[in-house]
Amino acid sequence: MITPTHYMLLSSALFIIGVAGVMMRRNIIVIFMSIELILNAVNINLVAYSSQLQNAVGQVFALFVIAVAAAEAAVGLGIILAFYRNKETVNIDEMNLMKW
Amino acid sequence: MAEAPKPPEPVATTAPKAAAHPPKAAAPIGPPDQPPPADKPLPAFIASLQAALPGAVSQISFWVGDWTIIIPAARILDVAQHLRNAPDASFDFCSDVTATDWPPRAERFDIIYCLYSTRYRHRVRVKAKAGELEPVASVTGIWPAADWLEREVYDMFGVNFVGHPDRRRILMPEDWQGFPQRKDYPLEGPGELLMENPLDWLKLRQARDEADIE
Amino acid sequence: MIDQFVIPLLKIVIVLNATLVAVSYMVLLERKVIAWAQSRLGPMRVGPYGILQPVADAVKLMIKEDITPVRADRWVFTAAPIISMVPALIVYAVIPFGPKVSLFGRQVSLSITDVNVGLLYVVSVASVGVYGIILAGYASNSKYPLLASLRASAQLISYEVAVTLTLVSVVLMAGTLSMVSIVDAQYNGRVWFAFVQPVAFVVFFIGALAETNRAPFDMPEAEQELTGGFHTEYSGMRFALFFLAEYANVIVASSVATTLFLGGWLRPFPNVAMLRFLGFIPSWTWFLIKSFVFLYIFIWVRATLPRYRYDQLMRLGWKVLIPLAIANLVVTGIVKVLLS
Amino acid sequence: MGQAIAFYTLAAFILGFAVLVVTTKDTVHSVLFLVLDFLFVAALYVLLDAPFLAVIQVLVYAGGIVVLYLFVVMLVNLKRPPEAHHDPHRRTKLGLFLAVAVLLELGAIAVYQTTRPVLSVPGAPMPVTGNTEQVGWLLYTSYLIPFEIASMLLLVAMIGAIVLAKREL
Amino acid sequence: MFDTNELVLNMGPQHPSTHGVLRVVLRLDGEKVVDSDVVIGYLHRGIEKLSENRNWTQIILLTDRMDYVAAAINNVGYCETVEKLMSLEVPRRARYVRTILCELQRIASHCLWVGTHAMDIGAMTVFLYAFRERELILDLFEEFCGARLTYNSMRIGGLPLDIPPGWDKKVLEFCKIMDSKIDEYEELLTHNRIWLERTRGIGVISGPHAVALGLSGPPLRGSGVPRDVRKDEPYAAYDEMQFDVPIGLAGDTYDRYLVRMEEFRQSLRIIRQGTEGIPEGPIVGKVPRLIKPPAGETYHAIESPKGELGYFIVSDGKSTNPYRFRVRPPSFCNLQGLRTLIKGHLIADVVALIGSLDVVLGEVDR
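Protein chains in written order, with the numbering used here: chain A, 58 to 157; chain B, 647 to 860; chain C, 5 to 344; chain D, -5 to 163; chain E, 291 to 656.
Just chain A, same shape as in the assembly (with noise of 0.2 Å):
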């Protein structure tokens, strides 16, 4: 039988993967992918308690999460592209000046 702690060790490893991509990944785009993967585990999380507890709010606020994402990679690539208009670079280490 599945039980929710199946899916939250799914969700878990799911996490720890976009936790490495964040922290060994040099290419800035990457590390961004990787924080929506851990955005899609908290997600699973949600889910898989809100189905175990037949209650729909775990979805609302999976709904909610989605929607954060959404607004926040559109804020983060549109610094990323205003970025590499200026540094040609995307890789993070050479992005370490507050202003240039």
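Do not rely on the hints blindly, as some may be mistaken.
[Claimed, not checked] Computed cross-link-like contacts, EDC-like style, restricted to lysine to aspartate or glutamate with a CA-CA straight-line distance of at most 20 Å:
no.: 1; chain 1: E; residue 1: Lys633; chain 2: C; residue 2: Asp315
no.: 2; chain 1: D; residue 1: Lys160; chain 2: A; residue 2: Glu129
no.: 3; chain 1: D; residue 1: Lys160; chain 2: E; residue 2: Asp319
no.: 4; chain 1: E; residue 1: Lys521; chain 2: B; residue 2: Asp738
It is worth saying that the hints were derived from the structure and are not from the lab.
Chain A is already provided as a structure; the job is to place chains B, C, D and E on it using the hints.
Using the frame of chain A, we list chains B, C, D and E on its own:
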């Protein structure tokens, strides 16, 4: 048509060239510009042109209904300026700029400007004589239409237009040797010679023609 | 066991094959209709009156050589046509061809599944369809296809917004997302949504035209400007897939439009007793007739209208269609509140 | 039984693609794996009988956000890949170590949580059945304010993105 | 991927919508054309050089191949210039037939123009309709001079042969059909919202600027300059014909389109007057067997569908070949205006503008 009395031209530096095929009669040395018949009144704009620029007009000709003004090459700009801006002339439409090659003459090229006035609906042809390397002022400033027309004349005849915004070859490839529409340019073009030495096939060809004649 | 697996599988097989045949014959239909509009005959050589032309096209495209540009991204290059074809086909899972019908003594509904998020499923699958075009342009690694694919995807995304808003107003009218119950709503409400929602219908049609890159909006493959659009580098079977994907999208758009606006399988005036005699025509043929009418209009528009310029097209999308769709939504909301 | 098989295959795919997203060199490929990953997560939601969320996931995530990523990746595709030069004071080891620490902690919570009886929070009785209707009902009754705030947030994000990305306003 | 704001795009000689071998090098800022360089010369056959080695009647064949869309008009232009050189008197019947042929040729050229112009902007159907009508005209020409494209339809001094019996009835029959067909084109395009949006306000050029640039024909009349060689310097039998010259106001692509559509109708009017009023009489004037014009030079212009087509011929009086043969092709000078017209427009407009200038490369490159 009586041949217009022409002062004998100083023999051009290059020996009179006979075309490659059987030598024709001596190459013609210029178009017979018939003087206007006595009873034909001068149109107003020619009279005012002569008044405005005294030395500019060297000869006037009228034939089969066309007025032609022959001017020295040096005065092209101010004649053109006058013809375009003068109230009674206002030749605002430069329909054609072309050239004719008379090899035996010292001033080899006849540069012809066919002008038309959209206001008065009359037409005139202005002709200037220019030598091979003699700089000719470009009229693109006065008539933008002349831009490509002069480029083609340069491409085909090698007339040295000065002050032209973008003097490049227009029809022939950029690196083409020689000027195709000159009378001494072989009709069939480079032919096989182009393959052997694309750079100086024209000199070789003309040298070979010289050799035939001797 | 049978109801769970065998019947849906059977339905899927039938619908998939029917779609592929319909797509290839739509190619012929388009060439014939445009030819007829231009006072010429169209393909006449293969088979009587050119009937077997799609077979000839298929064989030709199969035999033709598949060229992959040298520095193209091989995996993505091969995946792109498939990505653009699949969404067009999987939309049929929710489209109801007919009501419950008793076959061999068993009640079978003439739609593969009836998901209660049917309409949302259609929209989300359409949004995934954009990938095929972007990746095609990116993978062929050359200037023209990339420019064309950027333009095509920007066009798709902006018209997707307009189309989704019109669908929302249909959902508002029907009160449910599931496609079958939308058709039932039109039956109970005694009226087709096309008459109740004329603005949404028109905006949906224009949006569908733009979404499938057709007629006045076929900027991406406009041969006159960028040579060939995003599928310049494709040839042989891959190009056929793109070609079929476009036509499959057109058929999908017309069947969705039939379901939502023209009352899927309902005969023209479902509740008018007097037109009882129309009942003997089976319900799914009504569906086919109506979507055929839509296909015909798609082709007819392509034969007559010139093409929009890219910026005019985007301006029309953002400044005309989307505000219109929103206004229509608001009005529908208000009217619904006032009525209930 | 069927559910178990489905869960394990989907979980395998999700984790597999997630690893691929993080490890591939070519950014476009990692974006593609991200799309596939989201599609499988959507399939997982269907398994958890949350069809509305599955379709929203496909529509918003796979159809919208990742297309944005693809656009940015294509516009920003590099003349020289970022990973080319190795930055000495980049502590990959420390990153990995921290990740493993977080994993252990989560594992501990999971194990601890299974031993305790699950306190079931009775769901609020809802007049409507069907997943979409429930989510919709909740959204517009008890969670109306967060819904409005979320829409405001999206508006601000839209304006921000436009201001940042547009070359000349 | 690449710096999208500074891009050089090569609308190369093989581009589907450049009406033959024309190459336009576009410097783009995103989609907008910053600057352009028009490269021609791919179809240069050196007709002018060739004709200096051919005798006067052989040249008529060469003039067919310059504007191959309106070959009869080139023939008429050349023969009239030589007749002017020799101050020959062309009989009235020949002049009438010449006028009819020129106007038929104008309609055929405009048919091809409306077809390709609409096709470039996306309306495919007009192309097929236009070519259906063009076929009728080609049949008429085939009956008269045996060819459909390169007619060799004129002789210096008059016509090669008289019009076949019943030909004028066929021409009148054609005029009746053509009237309804023009309305068909107009129905499809003139009030079509998308057509208006694609052509109105595109490639605007003012009257004086157009004159300065040397544009002629519909592009010039589209900007409001009432310049038509048929009216200003009547040749053939145009002085006996009543017709008016349509003029545009704004000088954009839409006005050039309207001017040409109106020219369709005016040409039909001329053809009707011409065919009904054909006088009897000889078809060739007093022409010496061996044509040797007196020494001298002249420039004579006629109105081709593209604009003012001028011939400048110098004869040296002795040889049977012209000394200098120069053609002023209207497409050459109109094409020169393309650079100023497309500055600041988008790529899709470049295609529409090339169509609206109605350029034939055979004539541009000679």
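- Item | Restraint status (C-alpha distance of lysine 160 (chain D) to glutamate 129 (chain A) at most 20 Å) | holds (17 Å)
- Restraint check for lysine 633 (chain E) with aspartate 315 (chain C), where alpha carbons must lie at most 20 Å apart: Since the Cα atoms of lysine 633 (chain E) and aspartate 315 (chain C) sit roughly 17 Å apart, the hinted pair holds (cutoff 20 Å).
- Holds or violated: lysine 521 (chain E) to aspartate 738 (chain B), with C-alpha atoms at most 20 Å apart: Given that 20 Å is the threshold and the Cα spacing comes to 18 Å, the pair holds.
- Message: Against the 20 Å threshold, does the CA-CA distance of lysine 160 (chain D) and aspartate 319 (chain E) hold or violate the hint?
- Response: holds (15 Å)
In summary, this structure violates none of the numbered hints.
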